[in-house]
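*Asks:* Make a model of the complete structure from these sequences and hints.
Spelled out, the chains give:
There are 4 protein chains.
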Amino acid sequence: MPIEFPANDKFHEECGVVAVYGHPEAANLVYLGLYALQHRGQESAGIATSDRGKMYVELGMGLVADIFTSQRIKKLPGNIAIGHNRYSTAGVSQIVNAQPCLINYAKGSMALAHNGNLVNADQIREALVDEGAIFQSSNDSEVIVHLIAHSHQELFVNRVIEALAGVQGAYSLALMTEHEVVVARDPHGFRPLCLGRLDGAYIVASESCVMDLIEAEYLREVEPGEVLLINEDGLQSFFPFHRQETRRCIFEHIYFARPDSLIFGEYTYSVRKRMGKALANQSPVEADIVVPVPDSGNLSALGYSEESGIPFEMALIRNHYVGRTFIEPQSPIRHFGVKVKLNAVKKLISGKRVIIIDDSIVRGTTSRKIVKMVRDAGAKEVHVRISSPPTLFPCFYGIDTPNRDELIASRHTLEETRNFITADSLEYLHLENMLNMMGEDSGKFCSACFDGQYPVDIDGRGHQPVQLQLFGSETPDV
Amino acid sequence: MPIEFPANDKFHEECGVVAVYGHPEAANLVYLGLYALQHRGQESAGIATSDRGKMYVELGMGLVADIFTSQRIKKLPGNIAIGHNRYSTAGVSQIVNAQPCLINYAKGSMALAHNGNLVNADQIREALVDEGAIFQSSNDSEVIVHLIAHSHQELFVNRVIEALAGVQGAYSLALMTEHEVVVARDPHGFRPLCLGRLDGAYIVASESCVMDLIEAEYLREVEPGEVLLINEDGLQSFFPFHRQETRRCIFEHIYFARPDSLIFGEYTYSVRKRMGKALANQSPVEADIVVPVPDSGNLSALGYSEESGIPFEMALIRNHYVGRTFIEPQSPIRHFGVKVKLNAVKKLISGKRVIIIDDSIVRGTTSRKIVKMVRDAGAKEVHVRISSPPTLFPCFYGIDTPNRDELIASRHTLEETRNFITADSLEYLHLENMLNMMGEDSGKFCSACFDGQYPVDIDGRGHQPVQLQLFGSETPDV
Amino acid sequence: MPIEFPANDKFHEECGVVAVYGHPEAANLVYLGLYALQHRGQESAGIATSDRGKMYVELGMGLVADIFTSQRIKKLPGNIAIGHNRYSTAGVSQIVNAQPCLINYAKGSMALAHNGNLVNADQIREALVDEGAIFQSSNDSEVIVHLIAHSHQELFVNRVIEALAGVQGAYSLALMTEHEVVVARDPHGFRPLCLGRLDGAYIVASESCVMDLIEAEYLREVEPGEVLLINEDGLQSFFPFHRQETRRCIFEHIYFARPDSLIFGEYTYSVRKRMGKALANQSPVEADIVVPVPDSGNLSALGYSEESGIPFEMALIRNHYVGRTFIEPQSPIRHFGVKVKLNAVKKLISGKRVIIIDDSIVRGTTSRKIVKMVRDAGAKEVHVRISSPPTLFPCFYGIDTPNRDELIASRHTLEETRNFITADSLEYLHLENMLNMMGEDSGKFCSACFDGQYPVDIDGRGHQPVQLQLFGSETPDV
Amino acid sequence: MPIEFPANDKFHEECGVVAVYGHPEAANLVYLGLYALQHRGQESAGIATSDRGKMYVELGMGLVADIFTSQRIKKLPGNIAIGHNRYSTAGVSQIVNAQPCLINYAKGSMALAHNGNLVNADQIREALVDEGAIFQSSNDSEVIVHLIAHSHQELFVNRVIEALAGVQGAYSLALMTEHEVVVARDPHGFRPLCLGRLDGAYIVASESCVMDLIEAEYLREVEPGEVLLINEDGLQSFFPFHRQETRRCIFEHIYFARPDSLIFGEYTYSVRKRMGKALANQSPVEADIVVPVPDSGNLSALGYSEESGIPFEMALIRNHYVGRTFIEPQSPIRHFGVKVKLNAVKKLISGKRVIIIDDSIVRGTTSRKIVKMVRDAGAKEVHVRISSPPTLFPCFYGIDTPNRDELIASRHTLEETRNFITADSLEYLHLENMLNMMGEDSGKFCSACFDGQYPVDIDGRGHQPVQLQLFGSETPDV
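Line by line, the protein sequences give chains A, B, C and D. Residue numbering for the first sequence follows the working numbering, beginning at 308 and increasing consecutively. Residue numbering for the second sequence follows the working numbering, beginning at 308 and increasing consecutively. Residue numbering for the third sequence follows the working numbering, beginning at 308 and increasing consecutively. Residue numbering for the fourth sequence follows the working numbering, beginning at 308 and increasing consecutively.
Note that these hints are calculated values from the structure, not bench results. Don't take every hint at face value.
If chains are identical, the list can't say which one is meant, so a pair holds when it fits in one copy or spans any two.
[Stated by the list, open to error] Pairs of lysine-lysine, PhoX-like flavour, derived with a Cα cap of 25 Å:
1. K751 to K653
2. K751 to K654
3. K679 to K654
4. K648 to K676
5. K676 to K381
6. K382 to K679
7. K414 to K361
Since the model is a prediction, treat every value here as computed from it, not as a measurement.
*Replies:* Quick look at the structure:
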């Protein structure tokens, strides 16, 4: 019987966004950007462009490289474009949820691509439907476009600002009209967003790896609470919202972002390695080798090894050709699970005391299989070290976490978890150690999934009066 | 170079709809119904179902049998279902236009499938966007769901009625909520819609051939201006709108509907044959054989032959395996056009005076190629007889007609057209003859595409005060 | 549950072949030819070409228009090409059986496309494997290429002749080397094959409809027992085999060939109509309408109607969108069978005495369903008339017939068959009437499937001494 | 314009083979085995099984997980199975070359799956075609099945031995008849092949990672020159050929085999790491970080780092979602090449002296791009170290190498190559150091691609008299 692989036992980011203003090959650049951001969402992807007052959109299910042929790219003329990768949340994998969503409203057309999650989407949605609005998807994005359409501001950028003034939660947004691009990042700055330049065009993307691929110059982060308007007059920056405390998602560094991306002012690669070092200092253990769970544990394992002096061995080997389904025999070999993806190198492990490093544990089932695989390969001891704290609380700002019931750490003690995964020892990086490691920025991260301290009231009461008087008064020096 | 076949040189219906209430295999029955209505639209198809208060939808591009696997049908639980086939209008072949459209609004969820075209959609859309509504497709259907969502009526059926009171044009609609089905046909009755019964369930469909396929009992037409509510209390009928003159689309009989369908009180088969007979009486010509353009001209040719006594020969043979694209050689054989679809049987044609019968001429290019093919096969004379009047005006009620500029008859005299298609003679069935042929119903048809007499003001000024006081006071005896 | 349609309840031709010599767009012309011959085989198709001493082949499963993109056609350079359509015999639908088969042997390369069936293939195969030959498919064609490879003749055409001298049965063959095309038709001439000319190039094809599509001039049939060599010296004709009695397959006229094809000296259309007339004379019955089973019964029904004076009505309507699979509901509507393909027009049938005309009955199950459908539509009487004799014996010359056990006529009396299909009366066209109808050619047809008189000893003892001395001595005047 | 990625700038293995005897889920186990061996060939894959005297085969183009659905696995009954993965050699990617090839010959049926390359295939092929054999593919495998079919030995295993006695070159073969499996490895043992056991069944596979995945017990290597017969009597081992010097392909360790595979008595992982250490000793350089080209350089970089004490950094990041094509913009960003696959982490590299480690250089173009990428990221110095010697000669034993003209090292001095790739220094591991590193086995490897010393005369003169008298006299103790 063919089995679908169990949902990867990892947390999931929900999206990646890209925008280009002012480049004759805008759609192609967005395509490349989405390609570089494929890790942020593999369910669906889309690109919208604007050409001479007309807008175009192409959407599809699957990977960017499969959806977009050169024929489809040709259907996307214009030098303004935005794009979106979406992650597949179980059960609602449908084309109606693909973005960018392109709509017509009183003032014309707009397209929107959104990374993040609104905390008060349900309340707003309720209020909007009370006034007669209709919703065709379960996306937060549809809430935002309704708010923009309802705004009484004249200028599009002001409509966006008025709309965003009413929402709470996480958003890194790219919007497009017939003639301009507007991007915005929520005041807490949960999700990353950066700005670059190529041949006179502006590029906006979730991660800096996009700039590297298209050889754009990386300019800077879009700031928390910043709204950028890019049009024929160039780029204008606004900070129309009450300033909030910065609360970057630490999980971007732990797992989501590409290691070669510069986000929140640091390369993810460096942060991961420091986490490994911090973990080595905090939870040392006598052992013979340090082994990463590839590829999520690679860099923290490297850091752990460097700090502890225990040799680093890539003793778990990935099969690079893992497909989406896989036909398991009826018997007697059952429950392949992680085996089709990973295999242990017996020679390295046999008779050794092994430290396995990963970035997180979700349900514990994968860790349990890995520990068993390592033990079957002859390990004398198996110590598991996790480069982040136990995940105890759900995320409301754009990460797809399982129910608390499914999060092993939220229902079990450390000892119970250790027992479940059958490790000889198990340690997580402590929250304070992780944050301290971030230096002077240590207070600027959201750690709600670890400690339940939600920076935005998850009941969603509004508290962000908009400062429309500021419009246009600031010009950024980029 | 591969060429896409030129848009079939025919007029196009825009949709087929099916609804089922109260059958455990509702989705499967709708699937079968769409299968039987495939001729009404081949661009996209969709099915929505309702199960225990939850709604499901599956949409896809292409043919019903290709879109729906048994796996997809299984994702559509429940004993209420509606479905839709959509025709591909050039250039906007996109998944966002696929129906049924499923939306959430203040009072819950609804799904809608629509056949027809509203005359005042643009005005309503404008008014709605002025109030802040947003539109994600170019479908009239989105206008209707907005109106329903905006209605202040409590009962869903009354919301639908209030919404429809504001629209003008053609609609045969199937709507579904969590617990009921509502169907409606516009007061002029432009598009067909019929009601049937199977195992205690109600079936609604564009044409009666659906009832034949699923072995449902055909009950009756849904009347012009009738609204049906089907729920756990059974079926209720309402006539809430001001009565209008019936204006059935005569093109349903001429070309769109299946010959085995009973619509507007007659089998299309019989009407087509009568048209052929009327044509024979009106425009006789001495000839040796009567040849239909398959399959659109089959039945009128049969009628022409019977009436004239000139033998019927199927001397144009269809290739049953015509695909969507086809690779033409560079040279020296060019312009295959109709040749890959049709071939003439030389033996039958050589040396003969041939009457070619078709149902209509659109641009004239196909007719010209057919006349050439018949002449190349050795015909001594080629007389073309068309079983409907010249199409001079565009349709605003659900048929995709080319621009007037492209309608050969609207820019050319009969003689010029004859000359263009290189026939020895050309005659169309006269409008009065066609209508007379319909007997006592002759006044109940829309003939706007022939005479420009549009039954609904195409400027779209409203004139249908709703009679809400009538609600529930009538119960149909079905 | 999705059901595959039962094997169409018809007999099946096994193949169509096309060859082109001397045209710069050889592959494209072969593609068009296969397109026109799609009715002769839908399982797989292939094209091989020859360019500057190198050969190319592209094969695929499915329909010609789906297999060949312009990209694949571009991979087939050269001005020599042959092509093949193959019918899907149940169970062995595999790419290894697709043709043309392209092989390398002592003298170079050759490609072969074969329509027909050899009677002594098994004996030859046995002899060849005894000498060490290996076989990779179950095709007779592989037997022929082995024989050609084993021949000690120098010239390719002579190798082919020597090979064919040893085989018995039906073959219409197209072969190609780096520099020439050789075509051959067996001495009995079971399968059709014709010759045409386009822009100086020679075209060979199973049916003349290929010439019509590509606008080639139809020259003549390839004669029974004729071998044609086409190379830079032009076309040479040989008759190297002992002359045999001509035994054309009458089923080509009854069912397989396209009505617009000229084969065996007659248009299939005319023959079918004459069969209907003969049937009317032989087995008249008082009735109100004559109804064909579309499309196989169309022309004989037309003939029957003309001869009997009973009106012709196309009262069984085909669904043009029948796909390969179709999802049947679990209950209570079962056994759709023919219903998804055909529907009866009730109005025409109700209360009438109906004559249903088809070309043949295989298992009887389809006829039974059609009779039931017509009766359900209200027919007062249902008379079935079949325009060919009862099929009692299997074909060994290229038609896929069911086992004798499955042929209803071979195990049941006429009365039992009538009873099974629930008709009021049933008559087949008598063999002598059918043959008489062919006029002076009446003795030149194979009627083995009706009378068991197999023109070629089906035990396969050889009896065709080759006349190699004749080589090259005859030049045809084409 | 969409561009196909340039052929990966690596050498390519041609195949992986798997065989199972005596397991009720034989096809499923072979499927899993092919899944684990996917790195050995991605063009096509196939599985053949044997059940009650009948053989089945399913072939397809593409990846194992895409070709084989559970439906296709179900078409492969029986408890004997063999399977094959094939690498795509440019230009001949065709289904006719897919394996296993299944043939019928005088003694019944056989299927064959072959990894390797015969040196005298052309001569044998020539001799065979002179005797009338025909060839349908360009595979060496077809040569072998012909030889087996021509053998006059009675027992299948002896036919195989007689056939192999005539061939020279590299082969790791799995053969199957209706009732047995025969596997063979050439006397030099160029390609790996190992034996395992699961639930009483025997498993044979190219690499031991297959045993790990299906949880079979690894028994031992199939020895160079060994022939195994596995049937209902169990397993028998033969050494029928003259003993030859063992000549394992060192490139299996350098690049082809999975690091978790035990081949030639060692884990590839360990060998690669030792190569890195040897390279560090041989060619040290003062630098700040050691960076692997992922994943081919990972382990040698780790070894280099350990030995040199220079920190290991994974500063080149792979995009895990690289597809087969990719749409490049027209301008001004051109020549993405390696950029879509790799990106440099600037932070790590900027201002550093960087050692880049890879396993080999083929054309030099990829290395050049990587050096440029590292330099653009700010490296102060870029030193390239290659963990194998310069590849100067083509391989005739199963590896797809470019022409000598394309091998940069064969036409350029070390200094010229260094200059071309723009590195500050470039060093290869010297051949003697590499071989020394293999310890007492150092003489047992083929190093022809480095030194041109071909262990088998590449002119293909035979020199392996078969020792048929030995048949059956040896029984291996496994």
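*Asks:* Could you run down the list of hints and mark each one as holding or not?
*Replies:* Checked hints:
| no. | hint | result |
| --- | --- | --- |
| 1 | K751 to K653 | between (43 Å within a copy, 24 Å between copies) |
| 2 | K751 to K654 | between (44 Å within a copy, 22 Å between copies) |
| 3 | K679 to K654 | within (16 Å within a copy, 37 Å between copies) |
| 4 | K648 to K676 | within (11 Å within a copy, 30 Å between copies) |
| 5 | K676 to K381 | neither (47 Å within a copy, 29 Å between copies) |
| 6 | K382 to K679 | neither (51 Å within a copy, 34 Å between copies) |
| 7 | K414 to K361 | within (13 Å within a copy, 34 Å between copies) |
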